[in-house]
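A.B. asks: Sequence:
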Amino acid sequence: MRLSILRHAPAVTHGRLAGRRDVPADCSDRDALARVRSRIGVTDHVICSPALRCRQTADALGLTPDATDPALWEQDFGEWEGLPYADLPDLGPLTTDQLVHHRPEGGESFADLCARITPALRALTYDTLIVAHAGTVRAALSLVAGNGALSFAVAPLSLTILHRHGDQWSVEATNLPIFES
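The sequence shown begins at 32 in this note's numbering and counts up one residue at a time.
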């Protein structure tokens, strides 16, 4: 089974942390969208986060999702939601394990995010494209890389591809950018 995850187009956040806020996507770069669509190719099954930015990205790519899955929402950053990036708290020198389990007040940790998302990914039985968030991509990568998945960069409109053989997952590509041909 091949799992492709596309991070949504750039979110319109005005320099603020979006997380679970339902902000729109900037789908104005038609050339980038055309390159993404070309790279994706033929897709039989598409699942989308219910977030507006993900649905707008799918629509801009001419994709019709078979379903939206609330399990695929971005991480809930609780009280940090909507803060300007410059105002986010300095967490100091945390180890990866500490960071994975850090939960902003009223929000969820990366470990919580993975516990929510990975059952949905494991339940897939056919090749699928998911249009979702950076957190969704990192949760998928945690199936292979464990807590180290938190360190992966995930750019807007980048593609990450994983394969599952039985219960074993492998990574074909991460943060695959869309370059000019």
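Simulated from the structure, these hints should not be mistaken for laboratory data. For glycine and all other residues, C-beta sits at the position ideal for the given N, C-alpha and C. Among the clues, some could well be false.
Claimed, not checked - So the derived label-pair ranges between C-beta atoms look like this:
(1) 75 / 137: 35 to 41 Å
(2) 204 / 45: 37 to 43 Å
(3) 114 / 182: 37 to 43 Å
(4) 123 / 73: 44 to 50 Å
(5) 72 / 124: 23 to 29 Å
(6) 59 / 203: 27 to 33 Å
(7) 204 / 110: 42 to 48 Å
A.B. asks: Decide, hint by hint, whether the structure agrees.
C.D. replies: Quick rundown of the hints versus the structure:
Between residue 75 and residue 137, the C-beta spacing of about 39 Å keeps the proposed range 35 to 41 Å intact. Between residue 204 and residue 45, the C-beta spacing of about 31 Å breaks the proposed range 37 to 43 Å. For residue 114 and residue 182, the hinted distance range of 37 to 43 Å is not satisfied, since their beta carbons lie about 22 Å from each other. Between residue 123 and residue 73 the beta carbons are some 47 Å apart, a value that agrees with the proposed interval 44 to 50 Å.
Taking 23 to 29 Å as the suggested C-beta distance range, the pair residue 72 and residue 124 does not conform, at roughly 43 Å. The given range of 27 to 33 Å is respected by residue 59 and residue 203, whose C-beta atoms sit roughly 30 Å from each other. A beta carbon spacing of about 35 Å between residue 204 and residue 110 contradicts the range 42 to 48 Å that was offered as a hint.
When each numbered hint is compared with the structure, violations occur for hints 2, 3, 5, 7.
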